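Keeping their order, the protein sequence lines are chains A and B. Take the first sequence: its letter number 42 is residue 42 in our numbering, and every next letter is one higher. Take the second sequence: its letter number 216 is residue 216 in our numbering, and every next letter is one higher.
Any given hint might turn out to be false.
[Claimed, not checked] With a Cα cut of at most 25 Å, we get these calculated DSS-like pairs of lysine-lysine:
hint: 1; chain 1: A; residue 1: K18; chain 2: A; residue 2: K35
hint: 2; chain 1: B; residue 1: K70; chain 2: B; residue 2: K228
hint: 3; chain 1: B; residue 1: K220; chain 2: A; residue 2: K35
hint: 4; chain 1: A; residue 1: K35; chain 2: A; residue 2: K24
hint: 5; chain 1: A; residue 1: K18; chain 2: B; residue 2: K141
hint: 6; chain 1: A; residue 1: K70; chain 2: A; residue 2: K24
hint: 7; chain 1: A; residue 1: K80; chain 2: A; residue 2: K70
hint: 8; chain 1: A; residue 1: K18; chain 2: B; residue 2: K220
hint: 9; chain 1: B; residue 1: K260; chain 2: A; residue 2: K35
[Unchecked claim] Distance ranges between label pairs, derived from CB positions:
hint: 10; chain 1: B; residue 1: G35; chain 2: A; residue 2: Y88; range: 55 to 61 Å
hint: 11; chain 1: A; residue 1: P9; chain 2: B; residue 2: Y244; range: 38 to 44 Å
hint: 12; chain 1: A; residue 1: M72; chain 2: B; residue 2: D152; range: 43 to 49 Å
hint: 13; chain 1: A; residue 1: K24; chain 2: B; residue 2: S195; range: 47 to 53 Å
hint: 14; chain 1: B; residue 1: Q66; chain 2: A; residue 2: R47; range: 28 to 34 Å
hint: 15; chain 1: A; residue 1: L21; chain 2: B; residue 2: A190; range: 50 to 56 Å
[Said to hold, decoys possible] Not everything, but these chain B residues come out facing chain A in the computed CB check (under 7 Å):
hint: 16; residue: E41
hint: 17; residue: M44
hint: 18; residue: A45
hint: 19; residue: N48
FYI, nobody ran anything at the bench for these hints, they're computed from the structure. Since we're looking at a predicted model, the values are computed, not measured. A virtual CB, placed ideally from N, CA and C, is assigned to each residue, including glycine.
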Amino acid sequence: MSNTQNEWPLWEVFVRPKAGLDHKHCGSLHAPDPKMALQMAREVYTRRLEGTSVWVVRSDQIVASDPADKDMLFDPAEDKVYRHPTFYELPEAVNHM
Amino acid sequence: MTPSIQIPADLRLRYLLRLADACLIHAQRQSEWCGHGPIIEEDMALTNMSLDLIGQARAVLTHVGQLSGKGYDEDQLAFLREERDYLNPTLVELPGRKAGRDFADAMLRNLMVATWMHLWWQRLQASGDTEVAAIAGKAVKEARYHREHASDWVIRLGDGSDESARRMRDALARLWPYGTELFAADEADAAAVASGLGPSRADLQPDWTAAMLAVLAEAKLAAPAPSKFVPTGSQGVHSEHLGYMLAEMQYLQRAYPGGKW
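When you get a sec, could you build the whole thing from the sequences and use the hints?
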């Protein structure tokens with residue numbers, strides 16, 4: 001960590017396995033600029049037919065929740081089972097909602 | 001003792017072996033970077049590209065083996081020929097990382113080779129030999145990526161720091177003269193054109209030169225003057241460097257004939 005000034009910035013890599021599915025976060029890498037970040041993501045994360053599309057995002061551009069706020073933010077949802085739409089009888093036609 | 005195999009004298013086989021051996025020897029040289037890339041992502045990129053090239057060589061060598069009428073397989077063709085029967089251009093056998101050549105050298109060489117191969121594969125997609133056309137259809141995508149990857153680096157390094165630009169200039173002075181051979185067509189090319197197998201390599205030169213000069217201009221590198229030197233690797237007359245490489249490549253097949261894994 002002594003040399004962070006000279007290090008390339010970190011990028012988060014998202015890969016879409018096939019058309020229609022979402023891009024999923026799969027890892028990160030260091031790269032000097034967007035073009036090379038994409039190229040390197042392709043080299044490192046799609047060698048085994050994992051993807052048909054790649055996104056890269058500068059890690060420092062991601063706004064993240066504070067782990068210290070986890071209890072406050074997420075625990076209150078725990079006992080709100082009524083928020084899951086499992087109490088409705090769905091007609092056959094929309095069974096795959 | 002595993003005897004060497006002999007390739008029948010045939011213009012079609014000569015044409016295809018030039019293609020296969022360019023892939024094979026370039027792959028072997030470039031794979032010297034495996035485990036030695038400047039960063040792990042580039043390490044993987046160079047290894048991935050070498051594997052692409054080995055895949056291309058395997059496909060063409062398998063086809064050559066079938067056409068030869070001798071029942072040779074890809075391993076025999078890759079590993080049991082005499083040095084003079086390898087028909088790769090000298091450019092791809094020149095010393096690489098193990099001999100102290102730097103990353104700039106590897107990138108420039110790959111740019112010269114991949115641009116050439118990309119143009120060649122593009123035209124081979126229209127080959128009258130359906131097997132060759134099918135191999136080309138797959139290889140052309142790989143070659144296009146190799147070309148983009150290499151031009152990207154040549155531009156970065158040429159138009160980078162004083163040090164990286166100096167290294168690119170040195171690589172250019174070393175490698176550029178070997179480009180002439182990529183277009184040194186002979187009767188095998190003429191026969192390929194006549195039979196519809198593929199283009200004459202000479203016909204690739206205008207596009208190659210234009211593409212190379214465009215990348216060099218963007219990299220702020222001066223293109224060296226055209227060279228009169230024409231190396232002869234694709235005639236089977238190689239530099240002293242190929243023999244050492246073949247000794248390493250062939251050791252396993254000679255020591256353990258027909259070895260599989």
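Worksheet entry | Hints violated by the structure (numbers, ascending) | Violated hints: 2, 8 and 9; rest satisfied.
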